[in-house]
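Enquirer: Spelled out from the first residue to the last, the chains are:
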Amino acid sequence: MSMTLIEKILARAAGRAHTRPGDFVVCGVDMTVLLDLQFSQDRLDDVVRVNDPDRVAIVMDHAVPAPSVREAAAGTAARAFAKRHGVSRFFDVGAHGIVHQVLAERGLVRPGQVVACTDSHTCAGGALNAAARGLGPAEIIQILCTGSVWYQVPPTIKYELHGTKSPAVDGKDIFLHIAGRYGDATNHAIEFGGPALADVPMNQRRTVATQGAEVSADFTIFPADDRCVAYVEAHAPGADISPVLPDPDAHYESVRRVDLSEVEPTVGLPGTVINNCVPVGGLRDISVDQCFIGSCANGQLEDIETAAKVLSGRRVAEGVRLIVTPASQQVYLEASKRGYLATLVEAGAVVTNSTCGACFGYHMGVVGPGEVCLTASTRNFKGRMGSPEAQIYMASPATVAASASTGRICDPRELMGEVRA
Amino acid sequence: MTAAVSDLRRCGRAWVFGDEVNTDEMFPGFAMKMSIAEAARHMFNATRPGWPDLVQPGDLVVGGRNFGMGSSRPVPLLFKELGVGGIVAEEFNSLFLRNCVNYGLPALAVAGIREKVAEGQNLCMDLPNASVENTTTGEKLYGGAFPEFILEIIAGGGVLAKLENDGLLQKASSEG
Ligand code: SF4
Chain S
0 MSMTLIEKIL ARAAGRAHTR PGDFVVCGVD MTVLLDLQFS QDRLDDVVRV
50 NDPDRVAIVM DHAVPAPSVR EAAAGTAARA FAKRHGVSRF FDVGAHGIVH
100 QVLAERGLVR PGQVVACTDS HTCAGGALNA AARGLGPAEI IQILCTGSVW
150 YQVPPTIKYE LHGTKSPAVD GKDIFLHIAG RYGDATNHAI EFGGPALADV
200 PMNQRRTVAT QGAEVSADFT IFPADDRCVA YVEAHAPGAD ISPVLPDPDA
250 HYESVRRVDL SEVEPTVGLP GTVINNCVPV GGLRDISVDQ CFIGSCANGQ
300 LEDIETAAKV LSGRRVAEGV RLIVTPASQQ VYLEASKRGY LATLVEAGAV
350 VTNSTCGACF GYHMGVVGPG EVCLTASTRN FKGRMGSPEA QIYMASPATV
400 AASASTGRIC DPRELMGEVR A
Chain W
0 MTAAVSDLRR CGRAWVFGDE VNTDEMFPGF AMKMSIAEAA RHMFNATRPG
50 WPDLVQPGDL VVGGRNFGMG SSRPVPLLFK ELGVGGIVAE EFNSLFLRNC
100 VNYGLPALAV AGIREKVAEG QNLCMDLPNA SVENTTTGEK LYGGAFPEFI
150 LEIIAGGGVL AKLENDGLLQ KASSEG
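Protein sequence lines correspond, in order, to chains S and W. Residue numbers for the first sequence follow numbering that gives the first Met the number 0, so the first one is 0 and each next one is one higher. Residue numbers for the second sequence follow numbering that gives the first Met the number 0, so the first one is 0 and each next one is one higher.
Please keep in mind that the hints were generated in silico from the structure rather than gathered at the bench. Certain hints may be false.
Computed, partial: chain S to chain W, Cβ under 10 Å [said to hold, decoys possible]: (1) Phe23; (2) Gln40; (3) Ser67; (4) Cys116; (5) Thr121; (6) Ile240; (7) Ser386; (8) Glu388.
The beta carbon of each residue, even a glycine, is placed where N, CA and C say it ideally should be.
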């Protein structure tokens, strides 16, 4: 029986020959990930025994270094937990970064695996061909203790990519284009394919997969093509890799053709991205107070590089704050060695430590009432980044950097010298 | 069917919400720095301020499409803290629905429910039968039934209670 990507991965993890949408399956989990904030909220202290400490990672990311005593105590609890249960994959402050970045760059999420973590953007691992998704804190404790999880196999929506993308168009734009046109994918898996996928680099696939949570998809998965396998081999040298490709005659609930040559730099309007995105050219005179480039979706090295290129020799506009948060210590280090951070600081940006920070309105860049924020992070819900009276627009790092320098939401091609009049 | 499962019926007064109600509305980011009891006082602070003072123990929540989209924050604990008996929605985000199951909050997806309920009317949701009845109007609708193992988790008060019973988790030393 032919299967889509998610059907195939879940079948394998459940030890079954095949699955179809609607089936309930019980799967072994390859990697379960705990985050700093869970140690102050959840009952991790009460865990008697971890099923398999080698399949667990702890990543300090949401609020590090501790902004208050509460998070400091969570850090202490995380260190004690790692020690007590023998969890060696512990990315403490200094080796930290945003969880989905850390998992990818350390080779801890690989093709065909099942990955579980409380952050809803765990679907980021789908770019690496994993059945990765966010689960609630109670369920994560259950997986820690038992090593397995149940899923109901979702029907799959397939996006087939065709055509040639403009260099000014990022994975963020592809995602916003799709979210604006096709809306949500609640209780579905999203799969990407088509001839133009080969031209979409891994960092952009990771942005797209990460954002799948914003259209409410259960899983957002890419096939393990050559690019994907090369990425995983580079980050997990020597690891066993079992790439999964969909069957050619798999059944999809719908197949949607996306012509990348039609995708423009796109902006998500405040509230949600679902049926709520417009090409940047459709927006006029929206001035911004804060611009943010960071998060698991767009704090990657390539994103910082883009921001540095756009802002090289330019200044952040008067009255605008630009906050740049590299997604991990590794990204921070590399961006620093390459001079990107110096360029950004020279332009007037604030470069912060690697953390979730402003993305979820917790610390380091919270927005105030009446402010307008343009963000390259994951989520534009009302109140997400601070005051519920702030407006949050979403766009690619290029669009955010360009807008930071003009002080209004603008097309990055205006500054990159390739705007078509 | 165990006695606990057949007992999964909840009747109460309805509060009606719209489509795409997200987790950040229900459990604002700033409230993540608080205890569950405190955080519950801030539910819907941006979109329906004051609601935590109006809702009464036993009330039910009715939602629209894609209810609970967003993050994994344990929103069902806040609803339970305010005494909400259960949630019926046109459609749930799957992460949110799993959270309801895993924290033992009855939840049922019933297409068409929102047109059949006005705020303040009385509803009875019956999980084993996957039905919801508007007892004010007498109309009854059916949703998709959960498999028995999921009903058992809800009836048992969620996964943490089960882990405690199985000796995998120490009895609550702190708040869930
Ligand atoms: S950066 Fe934002 S979306 Fe990503 S893991 Fe952190 S809080 Fe979640």
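Enquirer: Hint by hint, note whether the structure agrees.
Expert: Okay, the hints, checked on the actual structure:
1. For phenylalanine 23 of chain S, the interface hint holds, the least distance from its beta-carbon to any beta-carbon of chain W being 6 Å, beneath 10 Å.
2. Interface restraint check for glutamine 40 of chain S: the shortest CB-CB distance to chain W comes to about 7 Å, inside 10 Å, so the restraint holds.
3. For serine 67 of chain S, the interface hint holds, the least distance from its beta-carbon to any beta-carbon of chain W being 8 Å, beneath 10 Å.
4. Given hint, cysteine 116 of chain S at the interface with chain W, holds; its Cβ is 9 Å from that chain's nearest Cβ, closer than 10 Å.
5. Checking threonine 121 of chain S against chain W by beta carbon gives a least distance of about 9 Å; that is within 10 Å, so the hint holds.
6. Annotation: interface hint on isoleucine 240 of chain S violated; nearest CB of chain W at approximately 28 Å, more than 10 Å.
7. Taking 10 Å as the C-beta contact cut-off toward chain W, the hint placing serine 386 of chain S at the interface holds, the least distance being around 9 Å.
8. Annotation: glutamate 388 of chain S was flagged as interfacial toward chain W, and the flag holds, the nearest CB pair being 8 Å apart, inside 10 Å.
Of the numbered hints stated above, the single one contradicted by the structure is hint 6.
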